[in-house]
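> With the hints as constraints, model all of the structure from the sequences given.
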Amino acid sequence: MSISEGTLITPADFTGAGSAGDVSERGKFGVFGGRFVPEALIPALDEVAAEYEKARTDLAFIREFDHLLRTYAGRPTTITDVPRFAEQAGGARILLKREDLTHTGAHKINNVLGQALLTKRLGKSRVIAETGAGQHGVATATAAALMGLECVIYMGAVDCERQALNVARMKLLGARVVPVTNGSQTLKDAINEAFRDWVTNVDSTHYLFGTVAGPYPFPGIVRDFARIIGVEARRQVLELTGKLPDAICAAVGGGSNAIGIMHAFIEDEGVQLHGYEAGGRGLETGEHALTLTAGSIGVLHGSRTYVLQDDEGQTIESHSISAGLDYPGVGPEHAWLKDSGRATYHGITDAEAMDAFALLARTEGIIPAIESSHALAGALKLGRDLGPDATILVNLSGRGDKDMGTAMKYFNL
Amino acid sequence: MTTSLEEFLTARRAAGRRLLVPYVTAGAAPGWTDVVRAYADAGADAVEIGFPFSDPMLDGVTIQEASDRAIAAGTTVTEILREVTALDVGVPLVAMTYGNLVFQRSGAEFCAALATSGLRGLIVPDVPLEEAGDLADAAAKEHLDLVLLAAPSTSRDRLRQIAGRSRGFVYALTRMGTTGERGEVPEQAARLGRDLKELTDLPVLFGFGVSSPAQAAELARHADGVVVASALMRRLLDGARPRELGEYVASIRRALDGAVDREPDEHATLPRHRRRPDPQDQVGPLPRG
Chain W
1 MSISEGTLIT PADFTGAGSA GDVSERGKFG VFGGRFVPEA LIPALDEVAA
51 EYEKARTDLA FIREFDHLLR TYAGRPTTIT DVPRFAEQAG GARILLKRED
101 LTHTGAHKIN NVLGQALLTK RLGKSRVIAE TGAGQHGVAT ATAAALMGLE
151 CVIYMGAVDC ERQALNVARM KLLGARVVPV TNGSQTLKDA INEAFRDWVT
201 NVDSTHYLFG TVAGPYPFPG IVRDFARIIG VEARRQVLEL TGKLPDAICA
251 AVGGGSNAIG IMHAFIEDEG VQLHGYEAGG RGLETGEHAL TLTAGSIGVL
301 HGSRTYVLQD DEGQTIESHS ISAGLDYPGV GPEHAWLKDS GRATYHGITD
351 AEAMDAFALL ARTEGIIPAI ESSHALAGAL KLGRDLGPDA TILVNLSGRG
401 DKDMGTAMKY FNL
Chain H
414 MTTSLEEFLT ARRAAGRRLL VPYVTAGAAP GWTDVVRAYA DAGADAVEIG
464 FPFSDPMLDG VTIQEASDRA IAAGTTVTEI LREVTALDVG VPLVAMTYGN
514 LVFQRSGAEF CAALATSGLR GLIVPDVPLE EAGDLADAAA KEHLDLVLLA
564 APSTSRDRLR QIAGRSRGFV YALTRMGTTG ERGEVPEQAA RLGRDLKELT
614 DLPVLFGFGV SSPAQAAELA RHADGVVVAS ALMRRLLDGA RPRELGEYVA
664 SIRRALDGAV DREPDEHATL PRHRRRPDPQ DQVGPLPRG
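Chains W and H, in that order, are what the protein sequence lines are.
The working numbering puts the first sequence at residues 1 to 413.
The working numbering puts the second sequence at residues 414 to 702.
Hint data in this document are derived by calculation from the structure and do not stem from the laboratory.
Incorrect hints may appear among the rest.
[To be verified] Below 25 Å or equal to it, Euclidean Cα-Cα: the simulated DMTMM-like pairs (lysine to aspartate or glutamate) are:
1. W:Lys28 / H:Asp550
2. W:Lys243 / W:Asp81
3. W:Lys381 / W:Glu287
4. W:Lys381 / W:Asp355
5. W:Lys171 / W:Asp197
6. W:Lys54 / H:Asp570
7. W:Lys381 / W:Asp81
8. W:Lys28 / H:Glu522
9. W:Lys409 / W:Asp355
10. W:Lys243 / W:Asp355
11. W:Lys28 / W:Asp46
12. H:Lys554 / H:Glu419
13. W:Lys28 / W:Glu284
14. H:Lys554 / H:Glu543
15. W:Lys54 / H:Glu419
16. W:Lys28 / H:Glu544
17. W:Lys381 / W:Glu284
18. W:Lys54 / H:Glu543
19. W:Lys28 / W:Glu287
20. W:Lys243 / W:Glu269
21. W:Lys381 / W:Asp339
22. H:Lys554 / W:Glu312
23. W:Lys120 / W:Glu87
24. W:Lys381 / W:Asp246
25. W:Lys381 / W:Glu352
26. W:Lys28 / H:Asp547
27. W:Lys28 / H:Glu419
[Unchecked claim] Interface residues of chain W toward chain H, partial, derived using beta-carbon atoms under 7 Å:
28. Phe36
29. Ile42
30. Pro43
31. Arg63
32. His67
33. Thr181
34. Gln185
35. Phe195
36. Gly298
37. Asp310
38. Thr315
39. Asp401
40. Gly405
No residue lacks a Cβ here, since even glycine has one placed at the ideal position from N, Cα and C.
So, in structure tokens, the structure goes:
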């Protein structure tokens, strides 16, 4: 079903089966998902959903997306065997999917290019986005610059301070960065503020949502644009090893890189799917982002999913050394994958993640994002469980340059 | 059987009154229940009580700040319900909160708790029509009116469905955006009010951006009344006492009554909600004289 020689993505890649999420069910993944938003946004969400439904089966749109992935984002990204690192995993074979090698250095570029194209199809001239660590903000500002769209990024004031370099990047790329001083002044408040902007400026503006959370149709759209990660990796692992991997490991904050690599494997029943959340300082300290592992079902930012909340339903501030995983919610499809038993979710503490971060740097010459280091730490544990014959595919979702400030402090460099 | 929110508001409207529903965030200041009493004494037709939520997506800075203060002060649903149970102010009380508090245990349990505490209505701005089905059933079982919202962006077909499913009144947004004070009355509000009045006999109340007595009176000409939230909560955050908040509500009450007095209406013999707007009249039917 290839559209032409050398293409990365086909119409079938967009509509890969294996998910309970069905457009006709208004984005319900089992009991999760849905559209818990103000009435004023419903027409805009309907418009985005309708346009995306047309786009995903439109060969011209798919070709354009494919062209950008190849010629701008730097796809396909390779897979890398990391035997020296894997010695610490009981000798299991570990393969990294190298999303760190994409333009802007993380998997976020896939989604923003797709949604920026969608923005143009919608006839809108302005994009807004939320960002925590600044990675999605930088990616959005990049795509907006490429396509000549006005760009406004909402970022918690606390995060602006922690990630000053990314604020400068976004400004250089022509975006306006608005520090959010409400609430906890972090990612969740940036999302609240972006929704407020959208409800006010919906005629001109597309909300370029950064993860597989939020109201229908965002969880499905963001997943489809990130799905290329797993589509490529599945082919690459088969070609390299002659078989499918035994397990997939990915870090989970909102969940876009994880769903991106997992989705193409959902129907491969022999392939275990493992998501790793930020355990922060440990479950018992209460300072973590263990939404799936320790949260409960609630409604946050437009969908029903697992949420870190108190008995009353007030959200609890999360903690992680990795800003990209520091979020008290999670995408509804992960909630469904958890409850259906298809995927398993675990916690990785700050310390475990930082150990894996340093280990990969020293043994393989690759400095990973701290987010991705949670998946690496998970793979080390999993390898010991599965034994030396196992092959584990890890989504190295981003590079660690942005994390050097944290690393300098943590390791006293 | 006690009077429902809808019956109460409809009866007041039938008596020729413009409806006024002021809002207070529960727990935003000590003694907030005195604010509810002051509102009622000042001529409110119902009082909206906000149950504070940590992530109030539809609210502007004023109500977010009020909510943050209330949560920081340890306000809980249980405590609000306990205080509300002891309140008898002679007009219906309506809860306003977000889905995550409502569904925390279950919609049915939340509605039952509200009803037990004597509340008559519920507004949940992040639960739109297609997510409201089960909650509407649960509310109906408890004789609690689930009020749905309509926005200027809402299509006519959806307006019809919203008007059909809403109970108590229809909460019409004056504009696209969040709660907060703003100046003029937008044309889109006039249009929405007119469309809703054509579609339903339910009272239609405007909310969002009602920031002065004169503006409230102007808006009320396009519907049956107004909800006033941020203008009051800003005063409360600035330290206004219940008596002063009551005086402000009284000034809106006078403006609304004045609007009724001032405007002659040649159709006054018809029940107001049965009248249809004159196509020549860009701002909808004239209020009753």
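> Hint by hint, work out which the structure violates, then give me just those numbers in ascending order.
10, 13, 15, 19, 23, 27, 31, 32, 33, 34, 37, 39, 40
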